[in-house]
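Novice: Going line by line, the protein sequences match chains A and B.
Mapping of the first sequence onto the working numbering: residues 5 to 197, in sequence order.
Mapping of the second sequence onto the working numbering: residues 1268 to 1557, in sequence order.
Possibly wrong hints are sitting among the right ones.
No more than 30 Å apart at the CA atoms, straight line, and that leaves these computed lysine-lysine pairs for DSBU-like [claimed, not checked]:
hint : chain 1 : residue 1 : chain 2 : residue 2
1    : A       : K63       : B       : K1346
2    : B       : K1469     : A       : K63
3    : B       : K1549     : B       : K1297
4    : A       : K50       : B       : K1471
5    : B       : K1364     : B       : K1378
6    : B       : K1483     : A       : K63
7    : A       : K63       : A       : K50
8    : B       : K1412     : B       : K1346
9    : B       : K1408     : A       : K58
10   : A       : K154      : A       : K45
11   : B       : K1308     : B       : K1346
12   : B       : K1503     : B       : K1483
13   : B       : K1344     : B       : K1308
14   : A       : K154      : B       : K1471
15   : B       : K1297     : B       : K1344
16   : B       : K1483     : A       : K183
17   : B       : K1408     : B       : K1364
18   : B       : K1471     : A       : K63
19   : A       : K183      : A       : K45
20   : B       : K1483     : B       : K1469
21   : A       : K58       : B       : K1483
22   : A       : K45       : A       : K58
23   : A       : K58       : A       : K154
24   : A       : K58       : B       : K1308
25   : B       : K1412     : B       : K1471
26   : B       : K1308     : B       : K1378
27   : B       : K1375     : B       : K1364
28   : B       : K1464     : B       : K1549
29   : A       : K45       : A       : K63
30   : B       : K1344     : B       : K1408
According to the in silico footprint, chain B covers these stretches of chain A (three or more CB under 8 Å from chain B) [unchecked claim]:
hint : stretch
31   : 38-45
32   : 152-162
Hints listed in this document are in silico derivations from the structure and should not be mistaken for laboratory results.
Think of the CB as a built atom: it goes at the ideal place given N, C-alpha and C, for glycine as much as any other residue.
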Amino acid sequence: MFWTRVAVGVAALALWPAGASAQKVIDRSLAPIAVDPATVKTPELKFTETEEDKAGYDKYFYFVREETDFATAYQDIRECDALSRGMSFYAGGGQVPYPYAGTLAGAAGGVIGSMVADAIFGSSVRRQQRRTNLRTCMGYKGYSRFGLNKDLWQTFNFEEGNNTVPEDERQQYLQMQAKAAITGRPSTQELEF
Amino acid sequence: MRSIHLLAAAVAAFVAMPVAAKPLATEQFKANAAIAIDPAKAYILVRAAGMDLKLLRVATESERTAWQSDRAEALAKAKEKYAREYARYQRDLEYWKDQGDHGMNVSKPEKPIEPTDANFNFKALESDNFVTVWGGRVFDKGGPKTAHLIAVPPGTYRLYGQIFEAGGTGFCLCMGSVQFDAAAGTITDMGTMRYPKAEALKDKVDPSWNGLTPGKGGLTVMRVEPADAETYIPPKLASLPRTAASYRAAGKIDNFFGVMIDRLTALPGVLAYRRDEVIDEKTGAAVGSN
């Protein structure tokens, strides 16, 4: 099974044209987006905690930071979202083009590297990596993490493995996450970083 | 067996692909290599490179200027192409509208996206400047940690992270790291790379260093132990010109390889953090993102 995945991954790599990621125009930009917080729905965060909920806190959580405002929280979340999925944030918008296109040494990087890794390790590993990256990034930004009921979590979050969430939809989710981040510290227990 | 054949065919096809870019010219030395310093090259000595250490040479001003020019040219071409695509789109749209209810079941044409400076995706300035120090290529095993030696073009190098080339996995120190100058004609000693969490796991102890602990305690996936008078030097390099890397704080940078993200553990006197802001401890000033 593993070698089949490796083969599929490398096959995908072989079929990818050299330099294919260059010069692609994408419908997004990571320049700050001005959003009126009054237009963003505050997600429901109150629930009666069960053991089943607690078991899912590794996946279903949200971030809170008391000393922040919506604009800061939204930009923080966008930065962490971009870093988590390998999107260019500091050097302008766009999928980060992978280094040394068309060389074997650069095979593991960026778009193609992701394709190979996705084929080998599968979507679940990518989803887990995204969760871990968000925790790391938001943790360094001083946010605390709190668990949430899965059904509530799904109203303003998304999982991203080998699939990609459309940009408009993504930004709406991120805005709601920013709204959640400024609701104040909940009474539930803070989770590990 | 079928999978192995497919793998072999895929590798063969990939190797036959045209080379579209030029990575930096480097040479990593094996244990039996004779070392003679080339005055035109810089040499980097590092211990415990792991699987595999990734360095990034910081682009020079002339490289940046050339890249900006290339990007502007490519953007201009993309805009010309867009004008043609938009005209075709308008024609196709008119045709689609004309079909009405008695049409030919033609799907509505998709409006092309106008390229702008903000959304134009061009290869990164850093694309050709990465250097891999292969963990498996050991120059010397005599010290407490394996030593690796690589010849590189002179320049400023950033400690970028660890990327396992064969699997597209690893981590980048995207949220803060260090950089140093590697001068021509000398060996720059990066010291020893340490992996607090992995080392603690191996030793079955709680990870800690210099009063730091993981998570909000500040200890991260990696730290640097700069070379000092006690650091083991491979005998073959003992008489060659050598200097300890003079580290400086390096700001945030993109996750070019789409891997796990982290930052280098704070390095006293060099690198500190205020929340996620990277601080140059030598000046006390915040360091901008790359």
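Novice: All the hints need checking, so say for each whether the structure fits it.
Specialist: Here is how each hint holds up against the structure:
This hinted pair does not check out: K63 of chain A and K1346 of chain B have alpha carbons roughly 43 Å apart, beyond 30 Å. At most 30 Å may separate the alpha-carbon atoms for a hinted pair to count; K1469 of chain B and K63 of chain A meet this at roughly 27 Å. Restraint check: the Cα-Cα separation between K1549 of chain B and K1297 of chain B comes to about 36 Å, which exceeds 30 Å; the hinted pair is violated. Distance check on the hinted pair: K50 of chain A and K1471 of chain B sit about 39 Å apart at the alpha-carbon level, beyond 30 Å; violated.
With a CA separation close to 14 Å, the supplied pair K1364 of chain B and K1378 of chain B stays within the 30 Å bound. Restraint check for K1483 of chain B and K63 of chain A: the C-alpha separation of about 20 Å stays at or below 30 Å, so the hint holds. Proximity of K63 of chain A to K50 of chain A is assessed by CA-CA distance (about 17 Å); at most 30 Å being required, the pair is judged to hold. Straight-line distance between C-alpha atoms of K1412 of chain B and K1346 of chain B comes to about 53 Å, which puts the hinted pair past the 30 Å bound.
A threshold of 30 Å between alpha carbons decides the hint, and for K1408 of chain B with K58 of chain A the separation of about 48 Å lies outside it, so the pair is violated. Between K154 of chain A and K45 of chain A, the direct Cα distance comes to roughly 18 Å. Compliance with the 30 Å bound is thereby established for this hinted pair. A threshold of 30 Å between alpha carbons decides the hint, and for K1308 of chain B with K1346 of chain B the separation of about 41 Å lies outside it, so the pair is violated. Distance restraint check for K1503 of chain B and K1483 of chain B: the Cα-Cα separation of roughly 42 Å exceeds the 30 Å cut-off, and the hinted pair is therefore not satisfied.
Of the supplied pair hints, the one linking K1344 of chain B and K1308 of chain B is violated, its CA atoms being roughly 38 Å apart against a limit of 30 Å. Distance check on the hinted pair: K154 of chain A and K1471 of chain B sit about 34 Å apart at the alpha-carbon level, beyond 30 Å; violated. Pair hint K1297 of chain B plus K1344 of chain B does not hold up; C-alpha atoms about 46 Å apart against a cutoff of 30 Å. Using a Cα cut-off of 30 Å, the hinted pair K1483 of chain B and K183 of chain A holds, with the two alpha carbons roughly 23 Å apart.
Between the alpha carbons of K1408 of chain B and K1364 of chain B the distance comes to roughly 73 Å, so the proposed pair goes past 30 Å and is violated. Between K1471 of chain B and K63 of chain A the alpha-carbon distance is near 27 Å, which keeps this suggested pair within the 30 Å criterion. Of the pairs offered as hints, the one joining K183 of chain A and K45 of chain A holds, with about 8 Å between alpha carbons and a cut-off of 30 Å not exceeded. Using a Cα cut-off of 30 Å, the hinted pair K1483 of chain B and K1469 of chain B holds, with the two alpha carbons roughly 22 Å apart.
A threshold of 30 Å between alpha carbons decides the hint, and for K58 of chain A with K1483 of chain B the separation of about 22 Å falls inside it, so the pair holds. Our distance criterion of 30 Å between C-alpha atoms is met by K45 of chain A and K58 of chain A, whose separation comes to about 25 Å. For the hint pairing K58 of chain A with K154 of chain A, the CA-to-CA distance comes to about 10 Å; that is within 30 Å, so the pair holds. Note on K58 of chain A and K1308 of chain B: the hinted pairing is violated, with a Cα-Cα distance of about 56 Å set against a maximum of 30 Å.
For the given pair, K1412 of chain B sits about 19 Å from K1471 of chain B by alpha-carbon distance, which is consistent with the 30 Å threshold. Using a Cα cut-off of 30 Å, the hinted pair K1308 of chain B and K1378 of chain B is violated, with the two alpha carbons roughly 51 Å apart. Proximity of K1375 of chain B to K1364 of chain B is assessed by CA-CA distance (about 8 Å); at most 30 Å being required, the pair is judged to hold. Between K1464 of chain B and K1549 of chain B, the direct Cα distance comes to roughly 27 Å. Compliance with the 30 Å bound is thereby established for this hinted pair.
Distance restraint check for K45 of chain A and K63 of chain A: the Cα-Cα separation of roughly 22 Å lies within the 30 Å cut-off, and the hinted pair is therefore satisfied. A threshold of 30 Å between alpha carbons decides the hint, and for K1344 of chain B with K1408 of chain B the separation of about 53 Å lies outside it, so the pair is violated. With a cut-off of 8 Å between beta carbons, the stretch 38-45 of chain A has 0 residues touching chain B; three or more are needed, and the interface restraint is violated. As drawn, the stretch 152-162 of chain A meets chain B at 0 residues by the rule of a beta-carbon pair under 8 Å; below three, the given contact is violated.
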